[in-house]
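As they're listed, the protein sequences go chains U and D. Take the first sequence: its position 240, counting from 1, is numbered 240 in our numbering, and each next residue is one higher. Take the second sequence: its position 18, counting from 1, is numbered 18 in our numbering, and each next residue is one higher.
Hints in this document: simulated from the structure, not taken from any laboratory. Please note: incorrect hints may appear among the correct ones.
Partner residues aside, some chain D positions facing chain U, computed with beta carbon under 10 Å [unchecked claim]:
1) W78
2) E82
3) I166
The following residues of chain D were derived to be distant from chain U, with all beta-carbon distances above 10 Å [unchecked claim]:
4) Q102
5) P139
6) E220
7) R229
8) E269
9) L276
10) A283
Where a beta carbon is used, it is the ideal one built from N, C-alpha and C, also for glycine.
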Amino acid sequence: MTAQTRAIAPKLRRVDPSSTERSVISAHDLTDPKRRIAVTVIGIVLLIVLVAASVGPLFWLFKAATSTTTESLSEPLSLWPSGFHVENFVVAFEQIQFGKYLLNTLWVCIGCWFFSLIVATTAGYALAILRPRYAKIMEGAVLATLFIPGVVSLVSLYLTVVQVPIIGGSLINTFWAVWLPAAASAFNIILVQRFFASLPHEIFEAAEVDGAGPVRIFVSIVLPLSKPVIGVVSLISIIAAYKDFLWPLLVLPSAQLQPLSVALPRLESSTDLAVFLAALFASVVVPVSFFLIFQKQFLSAAGSSGALKG
Amino acid sequence: MATSTLAPRTAAPPDRAKPAVGDPTNRRPRRRHITSKSIWTFLFVLPMLVIFTLFAWWPIVQSLGLSLQQTNFITSEWVGFENFSRVLADPLLPVATGNTVQFTLLSVLIGFPVPLLFAILIAELRRARGFASVLAYLPVIVPPVVAVLLWKALYNPSGDGVFNTILGSVGLGPFAWLNDGDLVIPAIVVQATWASFGTATIIYLAALMSVQSELYEAAEIDGAGIRRRIWHVTLPQLRGVILTMLLLQLIGVFQIFTEPYIMTGGGPENRSVTILMLIYRYAFVSGDYGRATALSVLLAVVLALFSVLFLLTTRRWSRS
Numbered sequence: 001m002t003a004q005t006r007a008i009a010p011k012l013r014r015v016d017p018s019s020t021e022r023s024v025i026s027a028h029d030l031t032d033p034k035r036r037i038a039v040t041v042i043g044i045v046l047l048i049v050l051v052a053a054s055v056g057p058l059f060w061l062f063k064a065a066t067s068t069t070t071e072s073l074s075e076p077l078s079l080w081p082s083g084f085h086v087e088n089f090v091v092a093f094e095q096i097q098f099g100k101y102l103l104n105t106l107w108v109c110i111g112c113w114f115f116s117l118i119v120a121t122t123a124g125y126a127l128a129i130l131r132p133r134y135a136k137i138m139e140g141a142v143l144a145t146l147f148i149p150g151v152v153s154l155v156s157l158y159l160t161v162v163q164v165p166i167i168g169g170s171l172i173n174t175f176w177a178v179w180l181p182a183a184a185s186a187f188n189i190i191l192v193q194r195f196f197a198s199l200p201h202e203i204f205e206a207a208e209v210d211g212a213g214p215v216r217i218f219v220s221i222v223l224p225l226s227k228p229v230i231g232v233v234s235l236i237s238i239i240a241a242y243k244d245f246l247w248p249l250l251v252l253p254s255a256q257l258q259p260l261s262v263a264l265p266r267l268e269s270s271t272d273l274a275v276f277l278a279a280l281f282a283s284v285v286v287p288v289s290f291f292l293i294f295q296k297q298f299l300s301a302a303g304s305s306g307a308l309k310g
Numbered sequence: 001m002a003t004s005t006l007a008p009r010t011a012a013p014p015d016r017a018k019p020a021v022g023d024p025t026n027r028r029p030r031r032r033h034i035t036s037k038s039i040w041t042f043l044f045v046l047p048m049l050v051i052f053t054l055f056a057w058w059p060i061v062q063s064l065g066l067s068l069q070q071t072n073f074i075t076s077e078w079v080g081f082e083n084f085s086r087v088l089a090d091p092l093l094p095v096a097t098g099n100t101v102q103f104t105l106l107s108v109l110i111g112f113p114v115p116l117l118f119a120i121l122i123a124e125l126r127r128a129r130g131f132a133s134v135l136a137y138l139p140v141i142v143p144p145v146v147a148v149l150l151w152k153a154l155y156n157p158s159g160d161g162v163f164n165t166i167l168g169s170v171g172l173g174p175f176a177w178l179n180d181g182d183l184v185i186p187a188i189v190v191q192a193t194w195a196s197f198g199t200a201t202i203i204y205l206a207a208l209m210s211v212q213s214e215l216y217e218a219a220e221i222d223g224a225g226i227r228r229r230i231w232h233v234t235l236p237q238l239r240g241v242i243l244t245m246l247l248l249q250l251i252g253v254f255q256i257f258t259e260p261y262i263m264t265g266g267g268p269e270n271r272s273v274t275i276l277m278l279i280y281r282y283a284f285v286s287g288d289y290g291r292a293t294a295l296s297v298l299l300a301v302v303l304a305l306f307s308v309l310f311l312l313t314t315r316r317w318s319r320s
């Protein structure tokens with residue numbers, strides 16, 4: 001891949017937080033000292049409110065996860081009166097097998113990511129670039145599922161998974177039951193298809209003249225050009241898999257296979273509060289650290305999904 | 001490449017944004033490639049075809065059939081609209097509908113203005129904009145189940161609960177929160193708003209950043225103050241996004257399940273039972289799939305009608 005082809009690859013709309021474009025308040029407004037003070041004060045108050053609202057509950061979770069149960073129940077706002085109790089985490093790993101559920105969560109995420117990406121990229125390629133005669137019908141059928149609320153098919157999707165048509169057999173208590181339905185995401189397909197359709201068409205013609213077949217074009221031209229959209233689809237599918245609760249609850253009744261989101265509510269009543277809160281905190285650490293490392297990608301994925309919705 | 005200048009095989013779909021450089025539909029494969037290419041094309045379509053047929057299209061079609069059937073895993077018989085009449089006869093349905101409407105109204109009242117306000121304010125932060133966006137988005141990253149369980153702990157109804165201690169220091173409470181029939185829905189709505197306001201904030205912020213600065217300049221030259229600039233420039237520029245987000249929020253909250261299911265199980269005394277919880281109970285507690293699908297179909301029809309009505313009534317405003 002040359003720098004030139006990379007340069008013509010379209011970019012997804014990105015929010016540049018450091019943009020210097022003016023907004024409502026202009027430089028001229030700030031020449032008035034009273035107004036300047038007001039703007040500064042409002043800005044500081046806003047940041048304090050945001051820190052209190054967003055970090056506050058998570059900080060309390062961290063504090064309670066490293067305190068004893070009695071402390072969290074009787075003096076919930078005092079900071080570590082009897083010191084730092086890291087042992088809660090050890091107990092969480094040993095007693096409620098936190099590691100097993102974390103691993104299950106990981107498997108669920110990897111599978112959902114993999115199948116979502118396969119389906120979205122192949123379908124996007126076929127619909128946007130190969131464009132067979134039936135492409136329009138397919139697009140319509142995919143788009144239609146976007147407008148039908150998930151509730152409608154919840155029960156019958158469950159029955160489908162219990163007894164898969166044509167293939168037969170049940171997917172209950174297998175990860176397939178989570179992976180495959182997650183790949184049926186119209187949103188991902190539309191995102192990828194739109195991106196592929198905006199790729200400069202001449203590259204594919206040139207490659208075709210050079211004798212490259214559809215597979216070759218897909219693997220060595222389309223995919224390398226599509227890193228931005230692949231990143232967005234990966235993020236969206238992994239986050240969705242990590243967050244999902246109802247569906248894995250239905251199709252993974254076996255405790256051995258349950259991800260954290262299903263296991264935690266089940267364990268709540270039978271676990272000591274301090275240990276339970278330690279488990280809650282441990283399951284927040286992974287996604288939050290990913291978010292803090294890849295903030296730009298996360299925020300632009302959120303912004304671009306908004307662009308599609310809007 | 002002479003063949004590619006021939007007429008396109010299919011007309012380009014009019015609604016698709018066309019890239020300036022060319023349209024994929026303008027391409028026609030060389031003749032000797034047609035068979036192998038169409039086979040390859042089909043192979044590329046295949047994963048989607050299989051997955052969508054099994055897990056999207058078939059379940060939707062099957063739902064309509066199921067709602068008219070009495071079914072278990074072995075046999076099923078057609079019972080006409082009996083499932084629907086059994087749904088409508090359930091004394092819990094009006095309760096669940098009332099609760100769901102209350103959830104929806106409250107979450108629009110609280111959850112709709114909050115992200116808009118945050119976005120408008122964050123857009124004015126010159127240096128801390130990135131930091132503020134990260135802060136606002138942080139709760140969205142917390143898995144919903146964890147967030148719900150955390151808030152359940154914060155809503156500890158004893159006098160020593162976290163929120164009761166905080167409010168107690170200014171002389172309020174203690175409140176029973178989730179155990180109080182009048183407070184349970186507001187309490188859940190506050191939690192749900194906390195968990196989701198970041199998404200809307202970031203989307204509004206993205207839209208705000210694309211408002212042309214010339215508009216603000218023009219308004220300023222015309223003598224509009226800051227408040228009037230927000231009212232006459234910012235909000236009108238955002239109205240498309242605002243309306244879409246509002247509709248999505250309404251539809252989303254109407255299907256609220258996880259929060260009340262984990263926090264209260266529908267209690268106290270069914271004060272937080274929602275329509276989706278009824279569907280869940282019909283299907284997965286009583287095994288009555290016909291009745292559950294009938295209620296799903298009813299809910300979907302109501303949502304569809306509502307969306308159409310919403311789009312029709314807001315069309316004039318969003319166009320002008």
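- Hint status (Cβ of E82(D) to nearest Cβ of chain U, threshold 10 Å): Cβ of E82(D) sits 17 Å from chain U, so the hint is violated.
Checklist entry - Per the CB criterion, is I166(D) less than 10 Å away from chain U? => result Because about 7 Å separates I166(D) from the closest Cβ in chain U, which is inside the 10 Å limit, the hint holds.
With d taken as the least Cβ-Cβ distance between E269(D) and chain U, does d exceed 10 Å? The claim holds: E269(D) sits with its nearest Cβ about 20 Å from chain U, beyond 10 Å.
Quick one: work out the minimum CB distance from E220(D) to chain U and report holds if it exceeds 10 Å, violated otherwise.
Incorrect as stated: the minimum Cβ-Cβ distance to chain U is 6 Å, not above 10 Å.
*chain U versus L276(D) - minimum CB to CB distance exceeding 10 Å, so not interface*: violated, 6 Å
Under the criterion of a CB-CB separation shorter than 10 Å, is W78(D) in contact with chain U as hinted? violated, 16 Å
Taking the shortest Cβ-to-Cβ distance between A283(D) and chain U, state whether it exceeds 10 Å. violated, 5 Å
| message | Please verify that the nearest CB of chain U lies beyond 10 Å from P139(D)'s CB. | response | violated, 5 Å
Subject >> Consistency of the no-contact label for R229(D), given chain U and a CB cut of 10 Å >> reply: Given that some Cβ of chain U is not farther than 10 Å from that of R229(D), nearest at about 5 Å, it is violated.
query: Holds or violated: is the Cβ of Q102(D) farther than 10 Å from all Cβ atoms of chain U?
result: The assertion about Q102(D) holds, with a minimum of 19 Å to chain U.
Hint check: violations occur at hints 1, 2, 5, 6, 7, 9, 10; the rest are consistent with the structure.
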